[in-house]
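2 protein chains.
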Amino acid sequence: MEELVKRIKEEGRVLDEGVLKVDSFVTHQVDPELMQAIGRRFAQVFADYGITKVVTIEASGIAPALYTAQALKVPMIFARKAKSLTMNEELLTASVYSFTKQITSQISISRKFLSASDRVLIIDDFLANGQAAKGLIELCQQAGAQVAGIGIVIEKAFQDGRQLLEAMDMQVVSLARIESLHDGIVTFLEEDA
Amino acid sequence: MEELVKRIKEEGRVLDEGVLKVDSFVTHQVDPELMQAIGRRFAQVFADYGITKVVTIEASGIAPALYTAQALKVPMIFARKAKSLTMNEELLTASVYSFTKQITSQISISRKFLSASDRVLIIDDFLANGQAAKGLIELCQQAGAQVAGIGIVIEKAFQDGRQLLEAMDMQVVSLARIESLHDGIVTFLEEDA
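Line by line, the protein sequences are chains F and S.
Note that numbering that gives the first Met the number 0 gives residue 67 to position 68 of the first sequence, counting from 1, and the numbers run on in steps of one.
Note that numbering that gives the first Met the number 0 gives residue 13 to position 14 of the second sequence, counting from 1, and the numbers run on in steps of one.
If you're looking for bench data, these hints aren't it; they were derived computationally from the structure.
Ideal placement from N, C-alpha and C gives every residue a C-beta, glycine not left out.
One or more of the hints may lead you astray.
As the list claims (entries may be wrong) - Below, simulated BS3-like cross-link-like pairs (lysine-lysine); rule was C-alpha separation at most 30 Å, straight line:
{"hint": "1", "chain 1": "S", "residue 1": "K8", "chain 2": "F", "residue 2": "K80"}
{"hint": "2", "chain 1": "S", "residue 1": "K111", "chain 2": "F", "residue 2": "K5"}
{"hint": "3", "chain 1": "S", "residue 1": "K133", "chain 2": "F", "residue 2": "K80"}
{"hint": "4", "chain 1": "S", "residue 1": "K8", "chain 2": "F", "residue 2": "K20"}
{"hint": "5", "chain 1": "F", "residue 1": "K80", "chain 2": "S", "residue 2": "K100"}
{"hint": "6", "chain 1": "F", "residue 1": "K111", "chain 2": "S", "residue 2": "K5"}
{"hint": "7", "chain 1": "F", "residue 1": "K72", "chain 2": "S", "residue 2": "K20"}
{"hint": "8", "chain 1": "F", "residue 1": "K5", "chain 2": "S", "residue 2": "K72"}
{"hint": "9", "chain 1": "F", "residue 1": "K20", "chain 2": "S", "residue 2": "K80"}
{"hint": "10", "chain 1": "F", "residue 1": "K80", "chain 2": "S", "residue 2": "K80"}
{"hint": "11", "chain 1": "F", "residue 1": "K111", "chain 2": "S", "residue 2": "K72"}
{"hint": "12", "chain 1": "S", "residue 1": "K111", "chain 2": "F", "residue 2": "K8"}
{"hint": "13", "chain 1": "F", "residue 1": "K5", "chain 2": "F", "residue 2": "K111"}
{"hint": "14", "chain 1": "S", "residue 1": "K111", "chain 2": "S", "residue 2": "K72"}
{"hint": "15", "chain 1": "S", "residue 1": "K80", "chain 2": "S", "residue 2": "K20"}
As the list claims (entries may be wrong) - Anything over 10 Å on all C-beta distances counts as not near chain F; from chain S, calculated:
{"hint": "16", "residue": "E1"}
{"hint": "17", "residue": "R6"}
{"hint": "18", "residue": "Q35"}
{"hint": "19", "residue": "V44"}
{"hint": "20", "residue": "Q69"}
{"hint": "21", "residue": "I76"}
{"hint": "22", "residue": "G183"}
{"hint": "23", "residue": "E190"}
{"hint": "24", "residue": "A192"}
Generate the whole structure from the sequences, applying the supplied hints.
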């Protein structure tokens, strides 16, 4: 997605070989117009997939997921990063391992918002090791819902998230695919859409 | 706001005298169309305030703040609930006390995204004791930015958040004002907008 790649080139900051910071328009300060364009692009790509729900994870997945859901005319659900799971409500839960922080945390969605009749589009801002997306897939599977596709704003293609998800028979569509961050320079692969 | 009040009546669940759950359209599953209508309403109310940034706090403030920012044609910033503050970046930080959880947590915004030339509109999904909004005001003040107003989706008017914020000379505009949750019934005050 040309507009997104342009913004990454202009405003993205390479902190080291593994970390790209886009906090001026995606992960902390957010550009609503760009997010809407991103949402519309995902909605175009997945228009014929019979999507009934868009699912993401708090917090920086919310903006692209929200506009995608709006363009597809379906609700958006954001999984909570639960610290302690209160048992007063039926929750779908999954464990997500963070390679960066080297900790496992729980994510959850209320069971009542996903059912076997749902066809889910998962949206997230970043794909690195694929652990967050894998956790979201597990939540959907627990509900018997079908994951129809995964839309990623920025894919770190030099990490193995896509391989992991494709090995689970998932279709992954990324709007910007980063080949490397060597020497402080962002190199792109051809994006999916 | 009629449409919002209608949805609260239809889908809001009173858990006890103090807790209203709106997780089917605001705080967990999100209705993008309603959020856009909410954002447009806030933008109407604050159209002439010279707003340069919309500020909220993750996670459920993001949706209404995003659409408000889009309608005002300005960026949206969401404060992070920081667990441990890394000092590798200059952060504005404030403490927020939660009466529900009885803990104090830190919230933060990168200093580079707010400056003395900013006029900020704070948006949040709920107003109860006003502690989160107070924390956001402090972040803005640390940057020398002026808080031009506070937009709240649902105000629990039986708690003292509004009094606290008005005592700080803040203008508070709520789209739904709840007078009480007695006996499992939601009673509304006249809303602001």
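Evaluation of the provided hints:
Taking the CA atoms of S:K8 and F:K80, the gap is about 28 Å. The hint holds against a cut of 30 Å. As the CA atoms of S:K111 and F:K5 are separated by approximately 21 Å, the hinted pair is consistent with the 30 Å bound. Proximity of S:K133 to F:K80 is assessed by CA-CA distance (about 24 Å); at most 30 Å being required, the pair is judged to hold. Taken as a hint, the S:K8 and F:K20 pair is broken in the structure, with Cα atoms around 42 Å apart against an allowance of 30 Å.
A hinted pair counts as satisfied when its Cα atoms are at most 30 Å apart, and F:K80 with S:K100 qualifies at roughly 16 Å. Straight-line distance between C-alpha atoms of F:K111 and S:K5 comes to about 21 Å, which keeps the hinted pair within the 30 Å bound. This hinted pair checks out: F:K72 and S:K20 have alpha carbons roughly 23 Å apart, not beyond 30 Å. A hinted pair counts as satisfied when its Cα atoms are at most 30 Å apart, and F:K5 with S:K72 qualifies at roughly 20 Å.
For the hint pairing F:K20 with S:K80, the CA-to-CA distance comes to about 18 Å; that is within 30 Å, so the pair holds. A threshold of 30 Å between alpha carbons decides the hint, and for F:K80 with S:K80 the separation of about 12 Å falls inside it, so the pair holds. Distance hint between F:K111 and S:K72 is unfulfilled; the C-alpha atoms sit about 36 Å from each other, more than 30 Å. Only pairs whose Cα atoms come within 30 Å are accepted, and S:K111 paired with F:K8 is accepted, the gap being roughly 19 Å.
For the proposed pair F:K5 and F:K111, the alpha carbon gap of about 40 Å is over 30 Å, so the pair is violated. Proximity of S:K111 to S:K72 is assessed by CA-CA distance (about 19 Å); at most 30 Å being required, the pair is judged to hold. Between the alpha carbons of S:K80 and S:K20 the distance comes to roughly 21 Å, so the proposed pair stays at or under 30 Å and holds. Annotated as non-interface, S:E1 keeps its C-beta farther than 10 Å from every C-beta of chain F; the closest such distance is 21 Å.
Non-interface status of S:R6 relative to chain F is upheld: no Cβ of that chain comes within 10 Å, the nearest being about 13 Å off. With a cut of 10 Å on Cβ distances, S:Q35 falls inside the contact zone with chain F, its closest approach being about 7 Å. A cut-off of 10 Å between C-beta atoms confirms that S:V44 is not in contact with chain F; the least separation is 18 Å. Not every Cβ of chain F is farther than 10 Å from the Cβ of S:Q69; the closest lies at roughly 4 Å, contradicting the non-interface assignment.
Not every C-beta of chain F lies more than 10 Å from that of S:I76, the closest at about 5 Å, which undercuts listing it as non-interface. In this structure S:G183 is separated from chain F by more than 10 Å, as the shortest Cβ-Cβ distance comes to about 16 Å. Distance to chain F confirms S:E190 as a non-interface residue, since its nearest Cβ pair spans about 24 Å, more than 10 Å. Against the 10 Å criterion, S:A192 stays outside the reach of chain F, whose nearest CB is about 21 Å from its own CB.
Checked against the numbered hints given earlier, the structure breaks hints 4, 11, 13, 18, 20 and 21 and satisfies all the rest.
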